[in-house]
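Novice: Take a look at the letters that make up each chain.
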Amino acid sequence: MRAVCWEGKRTIKVETVPDPKILNRRDAIVKITSTAICGSDLHLYNGFIPSMEKGDILGHEFMGEVVEVGPMIDNLKVGDRVVVPFPIACGNCWSCQQELYASCENSNPNAWMAEKLMGHSPSGLFGYSHMLGGFAGGQAEYARVPFADVGPIKVPNGLSDEQVLFLSDIFPTGYMGAEMCDIKPGDTIAVWGCGPVGQFAIASAYLLGAERVIAIDRFPYRLRMARENAGAETINYEETDVYDTLMEMTGGRGPDACIDAVGTEAHTPGAAYFYDRIKQATMMESDRPFALREAIMACRNGGTVSVIGVYGGLIDKFPMGSVMNRGLTIRSGQCHAQRYMKPLLEHIQAGRIDPSFVITHRMPLEEAPGGYNTFVNKEDDCVKIVLKP
Amino acid sequence: MAIQQWNEGTRVGSSTGDRRRDALTWNDRSDGRWSPQRSRRTLPGERLAPALGWFSVGLGVAQLVAPGWLSNLIGVQDSDDTRTLQRVVGVRELMAGVGIFTAERPERWLWARVAGDVMDLVLLGAAFNARHADRSRVAMATASVVGVTALDLYTALQLNQQGSDGRRTSRRPEMLTTKSVVVNREPDEVYAFWHDFTNFPRFMIHLDAVRDLGGGRSHWQAKGPGGKAIEWDAELTHDRPNELIGWRSLPGADIDNEGSVRFERAPGGRGTLVRVNLRYDPPAGALGKAVATLMNTEPGQQVSDDLRRFKQVLETGEVMRSDASIHLTPHPARPPERPVPFEPFYEATTATRPAVRSEAPSAAWASDEPANESTSTTSTGTTAPSTAGSRGGAR
Chain A
1 MRAVCWEGKR TIKVETVPDP KILNRRDAIV KITSTAICGS DLHLYNGFIP
51 SMEKGDILGH EFMGEVVEVG PMIDNLKVGD RVVVPFPIAC GNCWSCQQEL
101 YASCENSNPN AWMAEKLMGH SPSGLFGYSH MLGGFAGGQA EYARVPFADV
151 GPIKVPNGLS DEQVLFLSDI FPTGYMGAEM CDIKPGDTIA VWGCGPVGQF
201 AIASAYLLGA ERVIAIDRFP YRLRMARENA GAETINYEET DVYDTLMEMT
251 GGRGPDACID AVGTEAHTPG AAYFYDRIKQ ATMMESDRPF ALREAIMACR
301 NGGTVSVIGV YGGLIDKFPM GSVMNRGLTI RSGQCHAQRY MKPLLEHIQA
351 GRIDPSFVIT HRMPLEEAPG GYNTFVNKED DCVKIVLKP
Chain B
1001 MAIQQWNEGT RVGSSTGDRR RDALTWNDRS DGRWSPQRSR RTLPGERLAP
1051 ALGWFSVGLG VAQLVAPGWL SNLIGVQDSD DTRTLQRVVG VRELMAGVGI
1101 FTAERPERWL WARVAGDVMD LVLLGAAFNA RHADRSRVAM ATASVVGVTA
1151 LDLYTALQLN QQGSDGRRTS RRPEMLTTKS VVVNREPDEV YAFWHDFTNF
1201 PRFMIHLDAV RDLGGGRSHW QAKGPGGKAI EWDAELTHDR PNELIGWRSL
1251 PGADIDNEGS VRFERAPGGR GTLVRVNLRY DPPAGALGKA VATLMNTEPG
1301 QQVSDDLRRF KQVLETGEVM RSDASIHLTP HPARPPERPV PFEPFYEATT
1351 ATRPAVRSEA PSAAWASDEP ANESTSTTST GTTAPSTAGS RGGAR
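Chains as they are written, first to last, in the numbering used here: chain A, 1 to 389; chain B, 1001 to 1395.
Hints were generated in silico from the structure; no laboratory data involved.
Keeping only pairs whose Cα atoms sit at most 35 Å apart, straight-line, the calculated DSBU-like set for lysine-lysine is: (1) B:K1228 with A:K54; (2) A:K21 with B:K1228; (3) A:K31 with A:K378; (4) A:K21 with B:K1223.
These stretches of chain A come out as covered by chain B in the derived footprint (C-beta under 8 Å, 3 or more residues): (5) 20–26; (6) 53–59.
These numbers were taken from a predicted model, which means no experiment stands behind them.
The beta carbon of each residue, even a glycine, is placed where N, CA and C say it ideally should be.
My request is simple: use the sequences and hints to build the entire structure.
Specialist: The structure is reproduced here in structure tokens:
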């Protein structure tokens, strides 16, 4: 089959590789009909996530048709149309039973690597480094799906691929980002980052009862999408000071909750960017936490900072004094996607949201390298790329 | 992550104690806790060596940084020549100090210190006869050096003695390790699976086969280096249903080893806490070296990984595989060329169904207002999500 492979920092190739095999009895093989490039794939592309091997198949947002099932799978049959969540979860361990699927205790065979870096291991993920399992990803013609009796959700034929594809990651991730804010009616929520996850975080914040959502980015086309499709007020951080503007907008109190939908490769105008960029390049810290620092400083006393942007390792100049003295709550996590897929699918079916509004580019799988390039350079007003194998 | 590295007791050390007695003591402890801190007679020389190391470092630094001041202190005239000499001796002291702390056999550096002391005494003797020397200060310095020489000699002799003892009794370091894991199954089920030693190769990747010989005895076969099998017979030493299993190798084993595993109900009904104590005593020579390599530089890691697979089998039925993990060496995450045969599947006796949320959508989403039409001034005006509340307690 053809698959998108990571060949090194900023090198992506589409290669011919062996077809996936059933490796465990609870596996299924899916013939992929739609797959997407995630903003977090750009962290891999730029080489900020450790433990990638040359030749790894990328991709963790995919859906398709079941073509083979393992002997222990009785909930799916060949021909079923499914969306696959990006965390791999067994459903049997204590974490899974608490619906903490992204913390599954059994799905990462390389857990020891993650333990060295993070103390404990999260679940395995598709196409996201060896530290998180060494699983082949879904930017390919076929993919092996472990624990197919837990993760994949069947989707009705009435809905198009583009309407349901993002149940795999970014819609649930944005939703969880808003849910972690514990929104009360009348709350003001600020969202850093107007990429696809940010867009869904904005929409979800409104749907969970926020009165006001303020979105922060630097690209006019993304801010426009946040205003026009998700309904946010916007701040362009290259034009105005974010903290001052937020204080002005909220009467000096600050947003009730702040969502970091940016993560490790944040940008900021001015000298601080170069300070952290140099430290990152010289491996003195692994992440550039501008958005996170700003979110903490801006959040109102006693408020919540919800972190759904991906971080890989260590940050510094973390304003812990601000967190502690002002009683902030920090919540974060890779999305426990399995938890949200069914309820969110029902909302799509009911016509309450059409997640396809974030798609700006569609292209065949073979054009993935160009797609990565367009996405990483934010060319051509790119927000979300869908690949068709 | 449920692998709890609680009370991590991995320890590698050469031992002069009676290992058999130690192991029994550990197995017989009624509280089930085993402290890896085992007593071994510590020779006074071992405690003195670091002190002498620090003394070397301190003196060396002083000689390099303030040679004039030091010359004055010991009653020698300060000149370019004595400063150079002080610096040369300072470098020697620093080397000895660093050597004592870092060398595998620090006694060699203590002997270097003894030689240095003799050299210093000769130099001081020469200084005593020099024209501008302060004789009383030189005499004081000489007395100090004599004292330090005696300490150096004593420590070096003691370390020599300890080194030869160590080499006589245990050529390779013994490996002790304690690891634990929480398994989301009842203690009786976890005990039953462990009690059948023939299950071990399913989660201990270095084991080829375990055969039940009857009467509490079993034959073990492990993958050795270069395809050579390592074999031993073992006997059950302890067996308390649902609580404790202990075993040890019988005389004639390629690797002298013993272990115990305890099963405790985890707090809050969260399955079973499984705690493993293991002792390996790799033999001398090439085999011992190979075993040490096999067990990794960090012997506890292998046990941790085995326990993680044990948990996978009991909870999910199989050892979890990924496209990369099926290879022994680093390998790109892409499918294998050929199908990989299954291992046996474990059918749980106390079934836990996969947990997948089947709740209705949260109340906050009950509105039929499309999301992408909401604006900054309108709210969906609904209550907080019911689902978030119900999960709150779980975190």
